[in-house]
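Engineer: Protein sequences appear in the order of chains A and B. Read left to right, the first sequence gives residues 1 to 106 (the numbering used here). Read left to right, the second sequence gives residues 1 to 249 (the numbering used here).
Bear in mind the hints are in silico, worked out from the structure with no lab data behind them. Note that CB positions come from ideal geometry on N, CA and C, so glycine has one too. Hints are supplied without guarantee of correctness; some may be wrong.
To be verified - Partial list, derived from the structure: chain A residues whose beta carbon lies under 8 Å from chain B: (1) Asn2; (2) Trp98; (3) Leu103; (4) Ser105.
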Amino acid sequence: MNIYVTILGMVLVTYAARVAALLLLRGELPAWLNRWLKLVPIAVFTALILPPLLLRELGDARVLALGPALPAGLVGALVAWRWGNLLLTIGAGMLAFWLARLLISG
Amino acid sequence: MNNDTIRAADTLTAPSAKHAARGQFRQGFADTVPIWIGAAPFGILYAVSALAAGLDWAQTLAMSLFVFAGASQFTAAGLFAAGVAPWTIILTTAIINARHLLLGASLAPFVRGTPAALKALMAFQLTDESYAVGMRRWLAGGGSPAYQFGSNLSLYLVWQLSTVAGILLGGQIPDPAAYGLDLVFPLTFIGLLVPLLKRRVDGLVAALAAALAVLGALVLPGSWYILLAGVVASGIGALFSRHGDEVTR
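Can you make the complete structure from the sequences, with help from the hints?
Structural biologist: Here is the structure:
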């Protein structure tokens with residue numbers, strides 16, 4: 001039962017973070033906040049991209065680790081810039097990863 | 001369908017508006033399917049690691065159904081295995097998932113006209129990935145709550161199905177990271193980010209966020225670096241776009 005109580009606690013803290021701003025930021029937002037929030041996606045996407053490409057988990061810490069993920073990301077960025085297609089970006093990036101890994105280990 | 005058609009469809013009256021919403025829902029669902037390639041193996045792996053941590057199948061599934069946040073589910077499985085106190089697990093979950101505050105804030109201006117109950121429902125399935133898919137559409141002018149719900153549900157569905165698959169398959173699963181499948185996530189965000197980089201200020205924000213995220217990830221625990229880079233880089237960018245959108249290339 002203790003495990004379900006823990007899971008319930010996880011549900012509550014997670015949902016609170018998800019719902020708070022959606023419900024609290026109502027009505028017409030001030031212009032400065034709108035400008036700020038409009039740029040959040042770019043900042044968040046970038047923050048979700050770079051660490052997985054450049055870093056590796058080492059226990060609780062992260063360390064710089066340049067490997068096949070980096071060329072995969074570059075190829076993905078090139079494909080996204082040229083064709084703007086999500087599936088193509090993922091496919092080309094994965095292909096680049098496998099090729100780069102083959103080259104590095106072979 | 002281009003953006004003008006979508007906007008026009010939004011203004012139509014009841015029956016056709018409902019029809020349009022259904023179309024947008026389907027589109028959001030379909031546009032999220034590429035991410036399944038990355039999500040499914042990790043849903044399976046999550047279930048395997050939760051079972052290995054001593055949770056039973058119902059507890060493993062309950063976490064996917066109700067927490068529905070991959071990184072924190074993996075971490076919790078590890079903490080359960082280590083026999084850590086419940087409040088530590090809950091606090092760690094809160095820290096990992098605090099970044100959703102920012103996703104919600106960024107989504108808020110686009111759903112101002114949506115009823116609170118629908119927003120509360122939308123928030124339940126808010127993830128990095130479906131936020132990203134929905135946000136690309138909102139920023140292009142064609143977003144809608146129906147589209148966002150479609151994307152949310154798409155990811156929710158694959159996460160539940162893959163959790164069940166992991167429970168059924170047990171320990172016979174190779175590590176998806178060994179095949180580089182964890183790369184699907186950054187590649188997804190690359191595919192969504194690059195088309196957004198149009199103005200000079202966009203590039204500035206991305207460059208700042210890149211530096212802050214990498215430095216933050218090296219020195220801060222958990223996913224604080226996402227919150228840090230997300231708030232600070234966009235805030236500095238906002239200072240440079242003071243007079244609307246005229247900082248163009």
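Engineer: Take the hints in turn and mark each one as holding or not.
Structural biologist: To see whether the hints hold, each was checked on the structure:
| no. | hint | verdict |
| --- | --- | --- |
| 1 | Asn2 | 6 Å, holds |
| 2 | Trp98 | 7 Å, holds |
| 3 | Leu103 | 14 Å, violated |
| 4 | Ser105 | 12 Å, violated |
In this structure, the earlier hints numbered 3 and 4 are contradicted, and the remaining ones agree with it.
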